[in-house]
Amino acid sequence: MFSVDMLSQDQLPESTQHTGNNGANRGNTFSTIKLKLASIRWYHKRQIGIDLTTSPDFTILLQGIKRLSPPVHKLQPITPALLRLLYRQLDLLQPQHRLLWGSVLIGFFFLLRRSEYLRIGQTRHFYCLKYQDAFFSDAEGKPTHEANATSVTIGLEGAKNDQFGRGAWRTMHALGDPVICPVIALRHFKIVQKKPAYKSPYLCGDLTATMVAKSFKATARSIGVPEANYSTHSLRIGGGHCAPERGSEQHGN
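1 is the number of the first residue of the sequence shown in the UniProt record's numbering; add one for each residue after it.
Keep in mind that a hint or two might mislead.
What follows is a list of derived Cβ distance ranges for each label pair [said to hold, decoys possible]: (1) 43 <-> 201: 34 to 40 Å; (2) 43 <-> 145: 48 to 54 Å; (3) 53 <-> 198: 55 to 61 Å; (4) 145 <-> 50: 57 to 63 Å; (5) 79 <-> 50: 45 to 51 Å; (6) 166 <-> 140: 19 to 25 Å; (7) 74 <-> 124: 27 to 33 Å; (8) 155 <-> 59: 44 to 50 Å; (9) 38 <-> 138: 42 to 48 Å; (10) 64 <-> 214: 35 to 41 Å.
Read the hints as simulated data drawn from the structure, not as lab findings.
Note that the coordinates shown come from a computational prediction; the quantities given were computed from them, not determined experimentally.
All C-beta atoms, glycine included, are put in the ideal place defined by N, C-alpha and C.
Hey, can you work out the whole structure from these sequences and the hints?
Right under this line is the structure:
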């Protein structure tokens with residue numbers, strides 16, 4: 001069990017200066033600070049039975065932070081209709097376009113965070129989805145030949161919120177759609193991997209989050225909607241909205 005220095009009642013306001021900055025040393029928003037403080041309170045309550053309370057001065061401090069924080073910009077989901085618009089703008093004879101389309105579909109169906117399947121700048125997380133961890137599967141999620149596949153299964157070695165690195169296997173069943181389907185997505189990757197220039201241990205190769213985001217923004221511009229409303233996270237939001245309509249399974253290691 002790891003150890004953490006506990007806070008006394010009068011140290012909670014002081015801790016705000018540490019919750020106020022993120023990894024890039026930029027100021028966090030009010031909502032992020034609230035989440036961090038809630039985690040501190042929860043940990044103290046669970047581990048040593050202390051309820052950390054806030055003083056009137058501390059409440060005023062938080063109100064000031066709230067006023068200074070920019071308004072929350074709500075992203076719009078990537079819908080199947082928007083995916084079809086993107087598809088029509090791509091030339092799948094170009095390996096890079098095919099790689100992009102396959103990656104977008106995998107991210108959409110498996111509700112992946114960008115770090116779980118894309119390179120972010122020059123950074124790639126250890127749990128980024130690998131080519132060897134994606135395969136065609138049958139109705140029970142067992143490996144099978146592409147011609148007999150009724151689903152696709154992927155294995156994640158970890159995740160942003162997987163503190164113990166346990167990973168998980170996820171299976172997504174075919175939809176029968178000739179364009180938007182997880183089985184079709186993996187077929188695109190198989191085709192791209194036959195190109196020597198696109199051989200990679202990672203399923204999505206060197207595709208970056210910036211490239212994917214740019215494709216969404218370009219599609220948004222083409223139909224006259226604000227491009228600022230779309231990012232890689234929009235794909236996860238859209239996939240989540242459509243999840244009840246699809247068949248999926250998740251298996252922990």
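key: Violated hints, by number in ascending order, as checked against the structure   = Checked against the structure, no hint fails, so every one of them is satisfied.
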